[in-house]
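Residue numbers (this note's numbering), protein chains in the order written: chain A, 1 to 113; chain B, 1 to 113.
Just to be clear, a hint being listed does not mean it is correct.
As the list claims (entries may be wrong) - Have a look at the derived ranges for each label pair, beta carbon to beta carbon:
1. T26(A) <-> K57(B): 18 to 28 Å
2. Q98(B) <-> D39(A): 26 to 36 Å
3. S79(B) <-> Q54(A): 37 to 47 Å
4. L83(B) <-> S69(A): 42 to 52 Å
5. A9(A) <-> S86(B): 40 to 50 Å
6. K1(A) <-> Q98(B): 15 to 25 Å
7. D39(A) <-> S86(B): 13 to 23 Å
8. T80(B) <-> S113(A): 46 to 56 Å
9. N77(B) <-> A78(A): 36 to 46 Å
10. R73(B) <-> A10(A): 33 to 43 Å
Derived by calculation from the structure, the hints in this document are not laboratory data. Ideal placement from N, C-alpha and C gives every residue a C-beta, glycine not left out.
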Amino acid sequence: KQEVTQIPAALSVPEGENLVLNCSFTDSAIYNLQWFRQDPGKGLTSLLLIQSSQREQTSGRLNASLDKSSGRSTLYIAASQPGDSATYLCAVRRSQAGTALIFGKGTTLSVSS
Amino acid sequence: KAGVTQTPRYLIKTRGQQVTLSCSPISGHRSVSWYQQTPGQGLQFLFEYFSETQRNKGNFPGRFSGRQFSNSRSEMNVSTLELGDSALYLCASSLGGQGAEAFFGQGTRLTVV
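Could you build the full structure based on these sequences and the hints that come with them?
What follows is the structure in structure tokens.
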């Protein structure tokens, strides 16, 4: 059974810091991994999608890496801003036949000005 | 282009009633997945529809059902509501192929009293 764990559960940093969010999964047989952002009471916004054959993806100040063999992914946020405050979720895709995602519980990030 | 649209945004229902939620995917997307999000369990996969056929199903009781129409719009129905069904219900759309990125709507907040 695939399980996804995110550490830490919560993180508070001052504006301008670089930070790393961690995601681990128990079964390395994944097709891809996706990072999302969720603001309170809102839906999920897709940040980065990494296919199983890729090692990393970048979008602006965000960089996500994937190490399938060790069952780990990291989301690196450079020069954090108060607007980055949200819950960050990682999810792995478990099935070739569909798009069912297995989610971690998320890391709630607070960036203070 | 328009994103994933979920209606209604908020619902309050009484125990024992039934409810229907709607999801309009991104134009051209043929896959629609439904997820339940609660503070205790996080995000859990309900089911996925692709080209009007249920392709995957999560571990939820038969009170939870869905369907997809020829225009890819999807509805989710919950019968005989229980207090524990109170949650944010999220819909995701994708092209449906292997490795496809999932895009989420804003969700429907269901409160059962």
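Here's how the hints hold up against the structure:
1. Hint check: T26(A) to K57(B), Cβ distance near 22 Å, so the stated range 18 to 28 Å holds.
2. Q98(B) and D39(A) have their C-beta atoms about 30 Å apart, which keeps the hinted 26 to 36 Å range intact.
3. Here the CB-CB span from S79(B) to Q54(A) is close to 42 Å, well matched to the stated 37 to 47 Å.
4. Separation of L83(B) from S69(A) is about 44 Å and conforms to the stated range, judged on CB atoms against 42 to 52 Å.
5. Our hint of 40 to 50 Å for A9(A) and S86(B) is violated, since their Cβ atoms are close to 23 Å apart.
6. At roughly 21 Å, the beta-carbon separation of K1(A) and Q98(B) lies within the given 15 to 25 Å, and the hint holds.
7. The hint said 13 to 23 Å for the Cβ distance between D39(A) and S86(B), and at roughly 20 Å that hint holds.
8. At roughly 48 Å, the beta carbons of T80(B) and S113(A) sit within the given window of 46 to 56 Å.
9. Take N77(B) and A78(A): their Cβ atoms lie about 44 Å apart, and the range 36 to 46 Å holds.
10. Against the hinted window of 33 to 43 Å, the Cβ-Cβ separation of R73(B) and A10(A) comes to about 37 Å, which satisfies the hint.
Going down the numbered hints, you'll see the structure goes against just number 5.
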